[in-house]
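> Sequence:
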Amino acid sequence: MPNLFSYGTLQLSKVQTALFKRYLKGQADVLEGYCQMEITIGDDTVVGLSDKATHLIIKYTGNPKDQIKGVVYEVTEAELAIADQYETADYRRELVVLASGTESWVYVK
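Quick note on this note's numbering: the sequence shown kicks off at 72 and runs consecutively.
Derived from the structure by calculation, the hints contain no laboratory data.
Worth double-checking, as some hints may not be accurate.
Below, computed lysine to aspartate or glutamate pairings styled on EDC-like, alpha-carbon distance capped at 16 angstroms [stated by the list, open to error]:
(1) K180 with D161
(2) K92 with D115
(3) K92 with E145
(4) K140 with D114
Here are the in silico distance ranges between beta carbons for each label pair [to be verified]:
(5) D114 with E165: 18 to 26 angstroms
(6) Q82 with E165: 13 to 21 angstroms
(7) D114 with S171: 28 to 36 angstroms
(8) S84 with T116: 14 to 22 angstroms
(9) A124 with M72: 17 to 25 angstroms
(10) L127 with L166: 29 to 37 angstroms
(11) A89 with G172: 25 to 33 angstroms
(12) M108 with S84: 22 to 30 angstroms
(13) G172 with D114: 20 to 28 angstroms
(14) R164 with K92: 27 to 35 angstroms
(15) P135 with T88: 31 to 39 angstroms
(16) Q156 with K136: 31 to 39 angstroms
(17) K136 with A89: 34 to 42 angstroms
(18) P73 with K140: 18 to 26 angstroms
C-beta: ideal position from N, C-alpha, C; glycine also.
Required output: the full structure, derived from the provided sequences and hints.
In structure tokens form, the structure reads like this:
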């Protein structure tokens, strides 16, 4: 099963249960070489699920001092496809290796 690293609204139990019909259990982890910023979300459905008009997004810097703290979840392929639909066009999914050595998908700018 694939892993999904979340640093934002996919950690919210409300969002998880709405999207995946279950609460995801995960492990804390870190993604090195990325910086974090906020973006305004224009999709009313996504804003309604998260109750947030601004979401976090990350961008690759290559600097190992730049670190993103988050949670890595084991998800099904079907759940990964659902997460793809939830993330707006501002995001793209990228395969990364976390500080723990775990390979995971993450949504980036």
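> Which hint numbers does the structure go against, in order from smallest to largest?
The structure conflicts with hints 2, 4, 9, 10, 13, 14, although it agrees with all the remaining ones.
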